[in-house]
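**Q** Sequence:
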Amino acid sequence: MLFPDFCRQQSLMALLKTAAVVMLATLMSVFGVHAEGRNWPLANYDELGTNHNPQKAINAQNVGKLAVAWSLEIPRKEGDLGTGVMAPPLVVEGVVYLATNAPSILAVDASSGKILWDYRPALKTTPTALPHTHGINYYDGLILFPSPDCSIRFVNASTGLEHSAITGICENVPGNAGTYSPTGPPPALDTARKVVVWGPSVSGGTAAGRGFVAGYSMNGTMLWRLFLTPPAGGDTLWGFRYVVERRDGFFEGRASGNVEPMAGDWGDLGLHLGRTRAGGGVSFGHISVDSELGVAYLSTANPKPDWNATYRPGPNLYTSSILAVNVTTGDMLWYYQTTPHDYYNLDCTWNTVLAKPSNIVVKGCKNGVVYALNASNGNLLWSFDPPSLKKTIQPSMTKRWHNDPSDNSFLQCPGAFGAIESDIALAYGKVYVAAMNFCTLHVPTPVEEHGSTVRGSVYNVAPTHINTTIYAVDVRDGRVVWSFFVSSAYRGWLTATGGMLIASTISEGMFFLDAETGRLLHRIDLGGELRTGAVVGADGQGRFTILQLVEKEGSRQVLIALRLQNYETARWVFISLVAAVVAAFMILFRLWTRGFVLKRRELQRSRQTAPPRPEE
29 MLFPDFCRQQ
39 SLMALLKTAA
49 VVMLATLMSV
59 FGVHAEGRNW
69 PLANYDELGT
79 NHNPQKAINA
89 QNVGKLAVAW
99 SLEIPRKEGD
109 LGTGVMAPPL
119 VVEGVVYLAT
129 NAPSILAVDA
139 SSGKILWDYR
149 PALKTTPTAL
159 PHTHGINYYD
169 GLILFPSPDC
179 SIRFVNASTG
189 LEHSAITGIC
199 ENVPGNAGTY
209 SPTGPPPALD
219 TARKVVVWGP
229 SVSGGTAAGR
239 GFVAGYSMNG
249 TMLWRLFLTP
259 PAGGDTLWGF
269 RYVVERRDGF
279 FEGRASGNVE
289 PMAGDWGDLG
299 LHLGRTRAGG
309 GVSFGHISVD
319 SELGVAYLST
329 ANPKPDWNAT
339 YRPGPNLYTS
349 SILAVNVTTG
359 DMLWYYQTTP
369 HDYYNLDCTW
379 NTVLAKPSNI
389 VVKGCKNGVV
399 YALNASNGNL
409 LWSFDPPSLK
419 KTIQPSMTKR
429 WHNDPSDNSF
439 LQCPGAFGAI
449 ESDIALAYGK
459 VYVAAMNFCT
469 LHVPTPVEEH
479 GSTVRGSVYN
489 VAPTHINTTI
499 YAVDVRDGRV
509 VWSFFVSSAY
519 RGWLTATGGM
529 LIASTISEGM
539 FFLDAETGRL
549 LHRIDLGGEL
559 RTGAVVGADG
569 QGRFTILQLV
579 EKEGSRQVLI
589 ALRLQNYETA
599 RWVFISLVAA
609 VVAAFMILFR
619 LWTRGFVLKR
629 RELQRSRQTA
639 PPRPEE
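Basically the numbering used here = 1-based index in the sequence shown + 28.
Everything labelled a hint here was simulated from the structure, so no lab data went into it. Heads up, a few of these hints could be off.
DSBU-like mimics (lysine-lysine), calculated; alpha carbons at most 35 angstroms apart, straight line [what the hints assert, rightly or not]:
1) K580 with K418
2) K222 with K142
3) K93 with K152
4) K84 with K152
Simulated restraints, written as ranges between beta carbons of each label pair [said to hold, decoys possible]:
5) V586 with S404: 40 to 48 angstroms
6) D502 with E476: 29 to 37 angstroms
7) G292 with T219: 18 to 26 angstroms
C-beta: ideal position from N, C-alpha, C; glycine also.
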């Protein structure tokens with residue numbers, strides 16, 4: 029009969045279609061076509077700050093075939109205030125965006141390394157120190173750039189023209205009697221509420237301004253400002269509540285935290301002749317945003333001056349801390365202070381990571397410890413203190429400096445650069461962290477004068493071993509899964525991608541490690557120092573590329589693009605296979621339709637020649 033044959037043929041066609049779709053999907057997966065991870069739009073990849081690109085085109089099986097595709101020396105121009113790049117490059121739709129310390133933004137073709145445009149902000153004020161941009165973010169066709177004149181610039185990603193700006197952020201700050209630094213974190217964005225979250229870093233030493241983090245609408249209106257330190261002259265009850273400024277006034281609330289507040293925490297901040305000699309502010313690290321709940325998770329820098337706490341007698345809430353902030357109101361939901369009364373410069377800079385759906389905030393601090401906190405209430409779930417670290421520090425609430433009251437020199441381990449001077453990565457159920465041994469020798473100094481270099485000590489590199497151990501720890505409980513030792517200092521970030529962990533060391537090159545076992549898969553020497561990590565994205569032709577900044581001799585800095593050496597061959601193989609699949613499908617379809625037509629004609633002829641049925 030025709031109907032059963034038709035059904036069988038339809039089933040055959042459905043099977044052929046399914047096979048074709050599976051084959052195409054497999055080929056596209058193998059060669060990275062239309063795969064996820066084409067873009068690296070935020071400083072630490074995503075709004076959760078994970079440094080994990082889920083692409084699979086470059087992986088543990090083919091990483092040994094990486095080769096240099098192109099290189100670009102970061103240009104210098106007359107009148108530049110700073111040099112080089114220390115911020116992670118962004119990759120969006122085949123274009124690389126570099127934030128330089130000039131300051132500027134460079135747009136670069138990811139296929140060729142050709143500069144497409146160069147944006148330089150017209151600064152409204154001249155920075156008192158050399159600018160250094162720690163990060164930029166991309167959103168909906170705009171680059172969010174923290175300009176060193178304490179403003180946020182929105183730059184059109186296609187043209188390099190300034191779209192709009194939020195200016196005067198550090199002007200007329202209530203209770204401020206210090207100055208701000210020409211740096212800060214990359215501006216974060218709650219994409220659901222369209223609220224920009226940002227705050228400036230404060231100047232170092234005894235020149236620190238009153239720290240804050242604030243929320244702004246996309247049109248530049250300040251919605252709220254949460255203060256991180258008390259006003260000049262002090263606040264006896266600071267720490268017993270937080271203070272947030274909103275458009276209709278100042279409000280107070282009580283945040284829960286792990287450190288009990290102390291009356292007179294900051295004293296009078298060393299107020300003298302209208303200037304304070306103590307303070308603190310937001311760190312330059314990535315601010316993670318949970319746009320579903322409307323909560324921002326951020327970290328704060330150490331209290332100032334760094335090595336002498338004479339003018340800040342208490343725990344110095346809310347510095348050297350991790351905070352959760354309501355994006356809509358600016359209310360502080362909770363705080364976790366990692367080093368109360370910090371006089372070692374053990375701030376919690378670098379990225380604050382949010383692990384979802386486990387609802388865990390993960391943070392590595394310069395004291396070498398990784399903290400995992402309940403994102404809902406800030407309670408400590410676990411902490412990891414790397415056993416490889418040499419430690420001579422002795423935090424105390426009763427001292428003004430390490431060997432108070434002596435002014436003899438002392439050895440500080442972890443040193444002035446910290447044990448974790450890099451971004452952590454979160455992927456594959458693990459937290460990856462680089463723990464560095466880098467000690468410094470210090471001599472205590474007074475902090476009576478006002479200035480950004482009056483820090484309470486002078487120091488130099490100690491004659492001790494410098495090395496780094498990279499750890500993978502289970503995000504559920506902090507248990508060590510594996511470790512990997514390198515004879516180098518480490519600064520920048522770790523990158524998880526393609527089942528691998530990429531570690532860009534200062535003096536030993538790039539290490540590609542198996543993310544599950546820590547086994548060394550590949551190593552690349554790019555002929556210079558690597559003070560930043562790697563980012564991964566696709567160029568305009570869909571070719572996945574690893575970007576790495578390299579510092580060469582003569583203070584030159586070069587951006588190097590690495591791609592699979594056999595990519596072009598693989599691409600043509602892919603195109604040929606796709607063409608073969610399509611051709612086969614068309615032939616089968618032609619044969620099926622022809623067979624169906626012939627069958628129908630034969631049935632019609634048989635009906636025409638059949639004898640008539642007898643009448644009943």
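**Q** Now tell me if each hint is right for this structure.
**A** For each hint, the structure was consulted:
{"no.": "1", "hint": "K580 with K418", "verdict": "30 angstroms, holds"}
{"no.": "2", "hint": "K222 with K142", "verdict": "33 angstroms, holds"}
{"no.": "3", "hint": "K93 with K152", "verdict": "48 angstroms, violated"}
{"no.": "4", "hint": "K84 with K152", "verdict": "45 angstroms, violated"}
{"no.": "5", "hint": "V586 with S404: 40 to 48 angstroms", "verdict": "45 angstroms, holds"}
{"no.": "6", "hint": "D502 with E476: 29 to 37 angstroms", "verdict": "49 angstroms, violated"}
{"no.": "7", "hint": "G292 with T219: 18 to 26 angstroms", "verdict": "41 angstroms, violated"}
The earlier numbered hints that this structure contradicts are 3, 4, 6 and 7.
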